[in-house]
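So the sequences go chain by chain: A and B. Note that the first sequence covers residues 1 to 304 in our numbering. Note that the second sequence covers residues 1 to 297 in our numbering.
Please keep in mind that the hints were generated in silico from the structure rather than gathered at the bench.
Lysine-lysine pairs mimicking DSSO-like chemistry, simulated, CA-CA at most 27 Å apart:
id : chain 1 : residue 1 : chain 2 : residue 2
1  : B       : K207      : B       : K242
2  : B       : K246      : B       : K207
3  : B       : K246      : A       : K58
4  : A       : K135      : B       : K207
One-sided and incomplete, this derived list gives chain A residues near chain B with beta-carbon spacing under 8 Å:
id : residue
5  : G184
6  : V185
7  : N187
8  : D212
Values in this document were obtained by computation on a predicted structure and should not be read as measured data. Beta carbons: idealized from backbone N, C-alpha and C, even for Gly.
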Amino acid sequence: MKAKSCPPVIAVTGGKGGTGKSTVAVNLAAGLSTSGLKVMLVDADVDGPSCASLLGLKLEAGKEVKTFLPVIDEKKCVGCRKCVEVCPEHALIGLQGEVPRLFEELCSGCRACQIVCGHFAVREGGKTIGIIYTKSADGIMLVAGELTPTEPRSPVVARATVLHAMSELQNGGYDLAIIDTAPGVHNTVAQPLWVSDYALAVTEPTPLGVHDLGFILDLTEELELPVGIVLNKADIPGGLKNELLKTAHERGVSVVAEIPLDREVLHSYIAGIPVVKNAPDSPAGRSLRYLVSLVGKMMEEGKI
Amino acid sequence: MKEIVVAGGKGGVGKTTVAASLAVLLNRWGLGVFTADADVDAPDLSLTLGGGKTVFSMEVAASRKAEVDSKKCIGCGGCLQVCPFGAMTKTNDGKAAAVALMCEGCGVCKLVCPAGAIEVKNTPTGTITVEETKYGFMCATGKLRLGEHNSGHLVAMIRNLARRKAQDTGSKVIVIDAAPGIGCPVIASIAGANYVIAVTEPTPAAKRNLERLSRVVRHFGVPAGVVINMSGCSGDLETALKKWVKHELGFQVLGEIPVDYEVVKALAHMTPVVDFNPDAEASKSLMSIAERVREML
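Could you put together the complete structure from these sequences and hints?
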């Protein structure tokens, strides 16, 4: 999916939802862009995209993500049932001698039916299951994938988004890409990690944060992807910072930055302006700027 | 028996916090509760309820993955051309190899392989378990294997298991804690349920994701109400949000939960906040929300 000559790709992930993945991704993009780098920001949380909201952007036109849907040509179909038998999702049904019926919501668009049909009776059809928006603002190119509500196939849209971004990246003009992933450790998250050179796992010092961090570290380990932890809401009252640091230490992963609990994060979030621009000298703004300089330095040293 | 799904669109808005407290309260009021954690990526409900004792566990092997026999592969690249999921790669010796993480097991590669080098095999999807919580009620949960894509399937199995066990135990309500997002596992949680509690917070990103969730909820014809968490942090935005929920989405606002660090402390103690500190502001809101849910039941 990604050529070796491609600029570095950093994934911002974390396991649990709402830990601050998008906040970190957007601020990293804004900070690195301010320091003179050409940044592509990819929103691969196609179920719950929020990068555009955090940048105060309205998304307009985009490229449709389409999947294949078979259209059976009744004149050509001989009712041999080969397509019915081969369909892995059982989306086609029909008796011998009949033109099969399609259950659209079951179809994965794999084209097995089209491949086995010896009579060219399976014609090309398609449906839109998502949109990939692109928008340039403040020196950041945002590539945001969105699943169409009521469609179930998020991994397909996430993959199309990542592929689109990677091909744009290879065309040149960018110094790096930052990918904001969905919560969790499923396929939709694994695909962006697959093309990344480095991951930041954003977590919070709660039992759930500690619990879910373990899962994402299992995934980065399986993908042999270097990872650093960003501890968000680090000083939350009643938090379990020590427990989290212990888990990180046991897993041999370092905490690269800590972001304190800070109202400015929420204010910036609501205003649609990154904290590093809206409140650069607030406690969280300073931590995020430190993370920006750290990532910049790692890139200079060729570590990412 | 009624199924109530706690969903939210965006991650981290407080779905599990609401689900855990709701379950504890409805159970305390004698409704006979069964819980199901449908976030098979990050199953946190039983942890929030204090951790459970496993009383049932089952491996699920519903996934399928392609495997290439490199001895038979002739390196024609046909499978790379047709794989709809980008799961086929070429190794250094020019042979094809399937990347398990990407493969959805459709078997198209096998169909086009002229050398008969590809097999599609059943592989593990994850596990489903039932745990007994310290409150006496059960929690059906599951864990998807890393990088898997069959989460909807696993959620459907958890829901079926919960329904069966709830019937056995005479439970009247199943509280389902859904995954973040609006994709396959969320659709599998919502379709055919009796009510959806959509948890949100007064921020533009959460609002946008609530709107997306509302379209899924309406598509499946399930009635819904909204809980606004982290209330009081954004002033005007919240007033506008409430109006929008009522008039644009046509959902009722079940209640607002204020920003309250007792919620975080309760979480650290792995106890639902309504049990940890019943006098906390958040607990009072959760009690009135649960009361409204009870009336509806």
